[in-house]
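*Asks:* One letter stands for each residue in the lines below.
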Amino acid sequence: MSARSRPWRWTARGLGALGLSGRTLVVAVPMLWLLLFFLVPFFVLGRISLAEPILARPPYTPLFERGPDGALVILANLENYRLLWADTLYRNAYLSSIRIAAVSTVFALLIGYPIAYYIARAPEPRRTILLLLVILPFWTSFLLRVYAWMGFLQREGLINSALLGLGLIDAPLVMMQTTFAVQLGIVYTYLPFMILPLYANLTKIDDAFFEASADLGAAPVVTFLTVTLPLSLPGIIAGCMLVFIPAIGEYVIPALLGGPDTLMIGRVLWDEFFSARDWTMASAVAIVMLVLVVAPVMWLQSWLDRRGLNG
Amino acid sequence: MRQTAPLAADTRPWRDAGATPFLRIQGVGKAFGMFTAVDDVTLDIHRGELFCLLGASGCGKSTLLRMLAGFETPSAGRILLDGQDMSAVPPHRRPTNMMFQSYALFPHMTVERNVMYGLLREGLGRAAARERAREMLRLVKLDGFGARKPHQLSGGQRQRVALARALVKQPKLLLLDEPLGALDKKLREETQFELVRIQETLGTTFIVVTHDQEEAMTIATRIGIMRDGRIVQVGEPREIYEAPDTRFVADFIGSVNLFEGRVDVAAGDGMRVVTQDLGPVTLRHVPGLTAGQTVWVALRPERLALGHSEPDTPNRFRALVEDVGYMGQLSVYRLRLPGGRLVQATLSSRAMDDAPISWDDEVWVSFAPAAGRVLTQ
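Those protein sequences? They're chains A and B, same order as listed.
Under the working numbering, the first residue of the first sequence is numbered 1, with each subsequent residue one higher.
Under the working numbering, the first residue of the second sequence is numbered 1, with each subsequent residue one higher.
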């Protein structure tokens, strides 16, 4: 830091003249990214959701129109949103998505927490290997891995053959095309997203807290419940959000592993868009899903801040 | 130092050979792989002591403390507390409590909940635990802070919460790992006396680990000096300072001028040591020395006298004042002997009022035969 090179100083001075500091610049890059790939598409979707479907290209009505007297008229109607609320199909799809995502998240947490805890407590060389193993599945295609599960879960799949062979069951279990298969697929796919933030959080906790708890007379189980668990809450919340949010909108897993009665909003969205070619309704579905996801995230973040547990 | 006034003998049980020690550390060692952190330590500590384990970082003092708390298992030896072998007792069942260097206050609990934590673990009711916690917070002068979270406190306040939390269970033994290490100098000095006050109020046995020799001298009843996993000397602060056993201890505690030499004649109640830098010096007789033996003469800076006129004592030398450091109540002089060796002397600044000594003065340095301590190792 002591010897800053000349080009750097010139650059800094030039930016300073434009009223920009290095800090603004660094923050600007992710801000620009969010603006281009989140905020702009969001408004485009919002605008489409307020239009009416027509047989044209693009298949929705324009937002502005010249009236007979030449004045500009804004054409917007909330019919799609009213329908979302009124039609039980959509409501059930949302509720079912939330239920499936929530159950999957809980199981991912129950499986992921002990794994993350074990890795965080492992001595150094082993820890790196274990972390690598957690990330390893990402090296093969996600689609391929979900297909692999079909091989396991089918009527004549590996699990049924093994159970039949061992004589544990008389008839093959129906696992494919069930909600259970969808939840299994989600838990399997998103488990690393649960483990990694939990691991990052657990390694950050000073061992002295656990020692202090033991020193004050807490048995290991009590230490876990009163110290480890509360201190890892930010990791639990981060992991749960990373699993829950993509799981709500999941399309591929229910399409491959789910059955006709596995209703998820991702599928409804796909059908509206590609089968019904109703872009306006599909946009409204997407907007409501986004609001449903973002609102609890923001609430949780502010709750963590208030508890002084963030950062 | 704490024991300047004579105390009744019964308040210093370590002086009584017949007294039963409260904590006995017997031949305890700890190895981590190839590294020996603690090596065959045997130590007796008495009830109500404030014992300081003093040493540089990496000397094994913290490992020894962690073995007392139960966080490490000794590789050798055993630890007896109040007659009970602690070896197989896990930390959460030991009657000891520890104050951590980082304080380790639970960040998700209020100050009061932190202090109550240990009491709730022993099954005390919530109301009774709250009452005891408040009492303890009062003792450490933190009433009214119970509802705060640790991150809302200053460093000094956090230190006191950690102390309260460790003391509230009334442990048989309180272990303190660098309890004042995180405080700034001024606060540390104030807190030293506060710690002693609390220890005396409760009568709990304290074992303090520190690397700060001044802190150990101020608060300890006895000090154990550690080096390379071993205890090299145990004694009261005054004993350690005035009668160090080795050059290491003499140099570790305070400043010292060391002169290597050979025993010349050991006769009558005095003896002569011929040193390389000072020539022959006369010292008080030390039994057990033989003529020709290599010894070191340790002279504390404050035991040296300086003057412009030649003093009437056998041990006097000419020296050139090279540097004077005025430190308020004391002045530190760096003196160059004719042979080139530097010697340090400390004098009260007031003593110099009449005949000031300044840079480049030729002065007489002298010391009494009783001022020098002869060390053999």
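Simulated from the structure, these hints should not be mistaken for laboratory data.
Worth double-checking, as some hints may not be accurate.
To be verified - Some chain A residues judged to face chain B by a derived CB distance under 10 Å, without partners named:
no., residue
1, 207
2, 296
3, 305
What the hints assert, rightly or not - Computed from the model, here is a short list of chain A residues facing chain B with C-beta under 10 Å:
no., residue
4, 147
5, 209
6, 261
For every residue, glycine included, the Cβ atom is placed at its ideal position computed from N, Cα and C.
*Asks:* With reference to the structure, classify each hint as holding or not holding.
*Replies:* We went through each hint and held it up to the structure:
A distance limit of 10 Å between C-beta atoms decides the matter here; for residue 207 of chain A the minimum to chain B is near 9 Å, and the interface restraint holds. For residue 296 of chain A, the interface hint is violated, since its Cβ never comes within 10 Å of a Cβ in chain B; the closest pair sits about 22 Å apart. Here the hint on residue 305 of chain A is broken, as its CB sits about 13 Å from the closest CB of chain B, past 10 Å. Checking residue 147 of chain A against chain B by beta carbon gives a least distance of about 44 Å; that is not within 10 Å, so the hint is violated.
Hint on residue 209 of chain A holds. Least Cβ distance to chain B is approximately 5 Å, under the 10 Å limit. The interface hint given for residue 261 of chain A is violated, since its Cβ lies 43 Å from the closest Cβ of chain B, which is over the 10 Å cut-off.
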